[in-house]
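Please work from the sequences and hints to get the whole structure.
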Amino acid sequence: MEGYQIKSEILESLNNEIDAINTRLLDSLKEKKDVICTEEFVKICFSSNILEDIELLNKLSGNPLFKIRHANLIIRDMTEQVIEFIYLMKNKNMISDYMGVNSTVNALSSNPIKEFRKLASGRFSDGRKSISEMARDIGEKKSLPNHPALYELYQLLSEECHNSYFFSYLDNVEEVETGKETVALTEEQAQNLLIVIGYFMDIFRK
Numbered sequence: 077m078e079g080y081q082i083k084s085e086i087l088e089s090l091n092n093e094i095d096a097i098n099t100r101l102l103d104s105l106k107e108k109k110d111v112i113c114t115e116e117f118v119k120i121c122f123s124s125n126i127l128e129d130i131e132l133l134n135k136l137s138g139n140p141l142f143k144i145r146h147a148n149l150i151i152r153d154m155t156e157q158v159i160e161f162i163y164l165m166k167n168k169n170m171i172s173d174y175m176g177v178n179s180t181v182n183a184l185s186s187n188p189i190k191e192f193r194k195l196a197s198g199r200f201s202d203g204r205k206s207i208s209e210m211a212r213d214i215g216e217k218k219s220l221p222n223h224p225a226l227y228e229l230y231q232l233l234s235e236e237c238h239n240s241y242f243f244s245y246l247d248n249v250e251e252v253e254t255g256k257e258t259v260a261l262t263e264e265q266a267q268n269l270l271i272v273i274g275y276f277m278d279i280f281r282k
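Each number in my numbering comes from the position in the sequence shown (counting from 1) with 76 added on.
Since the hints were derived computationally from the structure, they do not count as laboratory data.
Small disclaimer: the values here were computed from a predicted structure and weren't measured.
Be aware that one or more of the hints could be misleading.
With a cut-off of at most 30 Å between alpha-carbon atoms, the simulated DSS-like pairs for lysine-lysine come out as follows [unchecked claim]:
id, residue 1, residue 2
1, LYS168, LYS135
2, LYS83, LYS143
3, LYS168, LYS106
4, LYS108, LYS194
5, LYS168, LYS190
Here it is in structure tokens:
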């Protein structure tokens, strides 16, 4: 059984559009001094990572070693990052916090976990909001007709990831009983990926 992939024409169109927008964003940054704390820089960074994740998923799809649980981890992380991206674009005053401008980390500290937290959630002056709070603030907490909420997708993927070995065991049992091989990407995973990409692009284009 082969894994599902994003069609090459969709990927090509996506790459071309992101490249064109990023070229324009890069040109606009030539006029600015504090580049790192700009909306343009954040958009370039996020879009580059999104494209890398999509390419990785597409290349690994159908590989016998690439299991459903592996793909779920990546898509879950992408969903979380897109929620935060949309939140940042609606709260641009938080970009400097997001970029870690106000964080101070002691690399020689005897408590590396504490210092790492400073660089992660602690870099926000008022604390980093939870994904649930961010999703609520951007209107992505609850699904509407014809509009699946990103947070509900994130919750589903989180349950899959928290119980990944158990669900993998169930897949193995199904393979033995039915002879049907389960390979990532599944059709559902490919559809979820397209949903996440679509929501990202809606904001990235603005």
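*Please flag the earlier hints that this structure goes against, numbers listed from lowest up.*
Hint 1 alone not satisfied by this model.
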